[in-house]
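Trainee: Put chain B on the given structure of chain A with help from the hints.
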Amino acid sequence: MSKVNDLFKSELKVINIGLTSFAESLKETGYKVVHVDWSPPAFGDDVREALDKFNEIVSTKKVDVDKANREAFNRLVSARPKLVRMGKAIDLVPGMKKNMLLHAGPPVTWDRMCGPMKGAVLGAILYEGWAETVEDAEKLAASGNIEFSPCHHHQAVGPMAGIVSPSMPVFEVVNEAYGNKSYTNMNEGLGKVLRMGAYSKEVIERLRWMEQVLYPTLARAIEYLGGIDLKNILAQALHMGDEGHNRNRAATSLLFRQLAPAIVKTTNDPDVVERVLKFIDGNDHFFLNISMATAKASLDAARNIEGSTMVVVMARNGTDFGIQVSGLGDEWFTAPAEVPPNALYFPGFTKDDANPDIGDSSITETAGWGGFAIAAAPAIVQFTGGTPQDAINKTKMMYEITIGENTTYQIPYLNFRGTPTGIDIKSVVEKGIPPFIDTGIAHKLPGIGQVGAGLVDAPMEVFKKALIAFVKKYS
Amino acid sequence: MAVKGILKKGEYYDSVTLMLVQKDALNIPGVEDAAIVMGTLQNKSILENSGMLLEEFKNATDADLLIAVKGKDDEVVEKALKEIENLLRKSRSKSEGSSDYVPKSLDGALKIMPDANLVLISVAGKYAGDEAIKALSKDLHVMIFSDNVPKEKALRAKQIGYEKGLLVMGPDCGTAIINGAPLGFANVVERGDIGIVSAAGTGLQEVSSIISNNGGGISQAIGTGGIDMKEYYGGLSFITGLKALIDDDETKVIVLISKPPHESVLKKLQDVLKNNKKPVVGCFLGANKEIVESLGAYPVSTLEEAALLAVSLSKGTSFDKFKKEIEEREELIKNEAKELAKHLKPGQKYFRGLFQGGTLAYETELILTDMIGDVYSNVPLKPEFKLKDSWKSEKHTIVDLGEDEFTVGRPHPQIDFQLRNKRILEEAKDPEVAVIYLDVVIGYGTNRHPIEDLVPTLEEVRKISNALVIVNVTGTDKDPQNKRALITALKNASAHVYERNAYASKVAGYVIKEIGG
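Going line by line, the protein sequences match chains A and B. Going by the working numbering, the first residue of the first sequence is number 1, and it counts up by one from there. Going by the working numbering, the first residue of the second sequence is number 1, and it counts up by one from there.
A portion of the hints provided could be inaccurate.
[Unchecked claim] One-sided excerpt, in silico: chain A residues whose CB lies under 10 Å from chain B: (1) 6; (2) 31; (3) 55; (4) 57; (5) 74; (6) 344; (7) 347.
[To be verified] Listed next, the in silico DSBU-like pairs over lysine-lysine satisfying Cα-Cα at most 30 Å (straight line): (8) A:53 / B:104; (9) A:278 / A:82; (10) B:478 / A:9; (11) B:274 / B:324; (12) A:32 / B:134; (13) A:27 / B:44; (14) A:351 / B:44; (15) A:62 / B:151; (16) B:513 / B:338; (17) A:9 / B:252; (18) A:3 / B:151; (19) B:478 / A:13.
What the hints contain is simulated information worked out from the structure, not anything from laboratory work. We put the CB at the ideal spot given by N, CA and C, even for glycine.
Isolated chain B, as found in the complex:
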């Protein structure tokens, strides 16, 4: 057993630093005890008790540093003393590594930002309802991105919001653009005079992006989540949003996006729109025209049409002129498809659509069913066309990869491309496949590296198949992914790229028609 020490005259350290160094010193192998203290009377008596008060320490003063080590042998102790001096040096230069305070609760956040006006909630559904109700009780608008919120909690939140005149977007609301801010999965769009209320997330992304890409702009884009239009929830969020757009001075044209709402909800919408003077575009995917017209709204059948019509109305062009343009365009699409079809070989006949965006999948399903007949899907229009196995395509197939069966325990396909990439290659191996149809939804919240994550797979496809790869890119030039570069890279990988889902779907539809599929 050896005890050795060093006295450093006039070297002051605060006691806490010394205790920390001492803690480390005790971890040096072979060290049995160590004391690193200032030479106060108190400390000297502590050293004495532990048998480490060396002779030379006895006259030390409060301002002298004492280092004593008790260890196995001289060698260990010498080494430890050197190590301790190192530790002391390091303690002086220790940099400030930790970061700013992040609050743990809504209350805590409100103390930092007392004038906050919107709360974006994406915690597990089980808790999201409580957080929303807390926010609403403080008169804050909310967007609930989370899904699987208990029904009663979700309804309660919507009711409180409705009574208080607060916006409750969601639950299961993926997208909104409020005052220009992209919330959740959203694109950076031009600001303007077109307001949107949408019960469809990717539908909202598609429409707002096309508007922005075609010279229009968005005042507000309010998402509600698809469940809002069901009878149980009574369209409460949709109605609040619509009323606000009617009253909003910045909004000239209103676009409504939804699957056909429940009858009771439709009735409420009629009441709200009764005295509205602003032009309204009604994009109720899959609904018949009369329903939309009963609202006094212009009926459109695709998201693209909704966007283009809204731009026309915002610029003061007439509805008829817009109609004519859409009809003339049809010829262009047909010719384009004819050219594409020439590249296909006999035996290639099927359409395979692999979607990130639920609304886009649904829209393509409607368009193709109309053009080429029934399509198999994991979310079919008719129950008899439900895929027996969602992981295996049959004939013409559309798969919505954003459905729960694919996302449990995995990130959303708008973020993680792996699952779809695997599926793309499977489709490419099938010699009967004529068209592989993909959507790439960009913007905030989605995958930041679509080129790196998708293009290699398309290059792989080229090696094993000559199927047409048609890609629709939803997004704007201001989105963080660099849309132009993405489109160029996709084209270099021999994909046929469009920026409107309906247009691209029609191209695909005419191709299939052309080859007699």
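This is chain A alone, in the form it adopts within the complex:
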């Protein structure tokens, strides 16, 4: 019995690619049909050729891409990230040096750094006491005596400018399934903050307080608790209206519930207890950095899988947008970062003030939450330009470019379907669907801070470059 005869005996289920009327006819006559909103691929001959070569690699079985991607995906979703301890960056972060500043995104030199990143660098220099004045800090930054290095080169992530200096306290997250670790600094709150490029006296003072009061208090509590299961918190937060990037209110609250009794138990000074708890409570984004470290620890376990087209890093430094791909080692594929076209601005600010997209926080989308899970976060769906349905559609679109669905992180509204997880560069290029990212927006000048929030598509260019590199490597 042939496959055609099987078809005759089955219920007909049609996928219609092209004329809408054909799908309508089938629906009208009572047949099941799914219509595809197809559009011609928007790429040139180089990419066309790369796609052909890619198919050849698959058909000649030079490398088993599907198997490699399954492996990468499984590692990503089976990660068990746990917050285990805190310490100074110089003591914990691998490769950290006394004269080093980590920054967000792909590598960038001082002369190419955007305004907010420069501002954050100046702030960090003042904070470390390497210079007394902004002018001296600027001279030092430009002198070549400070080594700039991407957070991602040190198993670390930082939101917005992502500046981590040697004395800054960091969280350590351990992926208990694979043993790898990730690091991130503490979130300072909104408005004039270092990560947005502000470096005024109050910014530095807050950082000092965080180092001297907040950090030891938290460190004691975390130690007392024996660590905190982050996978659990994030999974619950998605059920509570967070998407783990632009909205972290639920996750911050869940973390707060675990920390509060432990802080009370391990800190004698009630004033300190009060101020620390108020600080966390007053900052809905306190969990953001930890969410990012959760993503980083989960994704790093999926790096360097031979033949995998899964993206393991998406990051921006405010000048360039860069990605890294599991099967392509440590190579960065970059393109200019864009100013988010769909954004909402704080009073007094407009698009003209906005810096191009910046920060490592797109690691959350890379791991399958953030913008990819926006259908779970009705409170912020208007960033997508409208209604909850638009947000649902955005999440559904991301399923088209991802390898699978996360079994732990779910979206209640989609019948608890897992979030779209594991971006596949081939699908992105072939279907012309860029990953999209929830993002904060920093002022383009140093020293000002956050001016809004919005949505941005990852530039297609980086995925095309990566695909071309992939076929070159595996042909």
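Mentor: Structure of chain B alone, referenced to chain A:
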């Protein structure tokens, strides 16, 4: 410059709604800056920086709404504040206007319908081949409606399908009915035990409709596109379809429809049919009987005969009985034509056929050439009878309006009647025209309003000409256009309406003969 504000105690909006309203507020003429925020410490400091922290805002709490506007003068600011309150009200009642997610790719569709089994492709030919190959690689049957698919891609798709035992209908396959479902341009037919493989789109519509209209039913109707029977493609789709019908328990009678296939393809068909036990009707338009008989099939010369014979065989009547019926019918047609011819005036002598359906045009051309001699056409049987200008008729003329020369940049004539309507009126103005012959192919995919789009033109014809308007309607009563109403409307406009192309063509042929044309 004026700054004014409103504090609304205990009125909570989420920050995104507020930012959206603020965005709109900034567009109000004369407004220089506006802030609509909850009264958090953070927001108050933002207001302070932009010079909009009014005295009354200073004690506001997180749950209080602050609205501040900076503008040209008091009047502007007052107006803006009212407008902002309106915007806020509207934001609360904003309805959910957007619709469900439509996937962007085959993969995306498969995530929604993982057990899909057929992919219908009608994107531009340049891309259709790739989409088909993608679908075939996922073990899905395909129908490629698109034309102009690059030859190599089309052949590759057919080869993959053939190797995998998957159906590849097309490229350039306009019609199929699989498991009763009308695919592309297709009619809603009765289900039954007659299976069809057809390399002719409107041919398939005509045969399946006549079968359904005459008490028979269709098990499966597989279209292949005309190019399939060419040597280059080797009839791969046709053979796959035929094999499946031979193996199909629901199919008792098989009908094959095609122009005469290439010799190499014919050879393959002979091999496939060697051990077949089911009766086969072979409608190879324009081929001699021997070719069809070499397949062990019953030869028929028209689509109508193919359909009627298939119905007879399905009901167990003999081939000879069917033959006799067809012959007896010929007398009826002659008499009908004689009556019609009486209405014509001396000098009216030419036949003008304007077709939507390519196979129907071809069939009429064969019938008329046989009856009244050579016919001019844009797709002539003999090259010397090719119209010098497809847009102008000469003597007896048949125009296939579905040819590329007419459809580039325009919808197919089965959908858009405008071009043909114009041509109908031109023919009507010609005093030498005796018969204007039209086909109206209904069903899914085709024009949904044939009455509104055609009848006014026929009424126009009546005013300027007494030429006979003969219309063949291809379709069934279950089609969405309401065939009965269509036929009544056409008759009211003085058209002579038939439901079989061959029959109608013969009526026209005898009319021309009668008047000595």
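Trainee: Could you run down the list of hints and mark each one as holding or not?
Mentor: Tested hints:
Hint on residue 6 (chain A) holds. Least Cβ distance to chain B is approximately 8 Å, under the 10 Å limit. Checking residue 31 (chain A) against chain B by beta carbon gives a least distance of about 5 Å; that is within 10 Å, so the hint holds. A hinted interface residue such as residue 55 (chain A) counts as satisfied when its beta carbon comes closer than 10 Å to some beta carbon of chain B; here the least separation is about 9 Å, so the hint holds. The beta carbon of residue 57 (chain A) is not positioned within 10 Å of any beta carbon in chain B (closest approach about 14 Å), and the interface hint is therefore violated.
Proximity of residue 74 (chain A) to chain B is violated relative to the hint, the smallest CB-CB distance being about 19 Å (cut-off 10 Å). For the restraint placing residue 344 (chain A) at the interface with chain B, the shortest Cβ-Cβ distance is roughly 4 Å, inside the 10 Å limit, so the hint holds. Restraint check, residue 347 (chain A) versus chain B: the minimum CB separation of about 3 Å is within 10 Å; hint holds. A hinted pair counts as satisfied when its Cα atoms are at most 30 Å apart, and residue 53 (chain A) with residue 104 (chain B) qualifies at roughly 23 Å.
Taken as a hint, the residue 278 (chain A) and residue 82 (chain A) pair is honoured in the structure, with Cα atoms around 24 Å apart against an allowance of 30 Å. As the CA atoms of residue 478 (chain B) and residue 9 (chain A) are separated by approximately 24 Å, the hinted pair is consistent with the 30 Å bound. Under the criterion of a C-alpha separation no larger than 30 Å, the hint pairing residue 274 (chain B) with residue 324 (chain B) is consistent with the structure, at around 28 Å. Straight-line distance between C-alpha atoms of residue 32 (chain A) and residue 134 (chain B) comes to about 21 Å, which keeps the hinted pair within the 30 Å bound.
In summary, the hint linking residue 27 (chain A) to residue 44 (chain B) is not supported, as the alpha carbons are separated by about 55 Å, beyond the 30 Å threshold. Only pairs whose Cα atoms come within 30 Å are accepted, and residue 351 (chain A) paired with residue 44 (chain B) is accepted, the gap being roughly 22 Å. The straight-line distance between the Cα atoms of residue 62 (chain A) and residue 151 (chain B) is roughly 28 Å, inside the 30 Å bound, and the hint therefore holds. A distance of roughly 9 Å separates the Cα atoms of residue 513 (chain B) and residue 338 (chain B); the hinted pair therefore holds under the 30 Å criterion.
Distance check on the hinted pair: residue 9 (chain A) and residue 252 (chain B) sit about 16 Å apart at the alpha-carbon level, within 30 Å; holds. Only pairs whose Cα atoms come within 30 Å are accepted, and residue 3 (chain A) paired with residue 151 (chain B) is accepted, the gap being roughly 25 Å. For the hint pairing residue 478 (chain B) with residue 13 (chain A), the CA-to-CA distance comes to about 22 Å; that is within 30 Å, so the pair holds.
The earlier numbered hints that this structure contradicts are 4, 5, 13.
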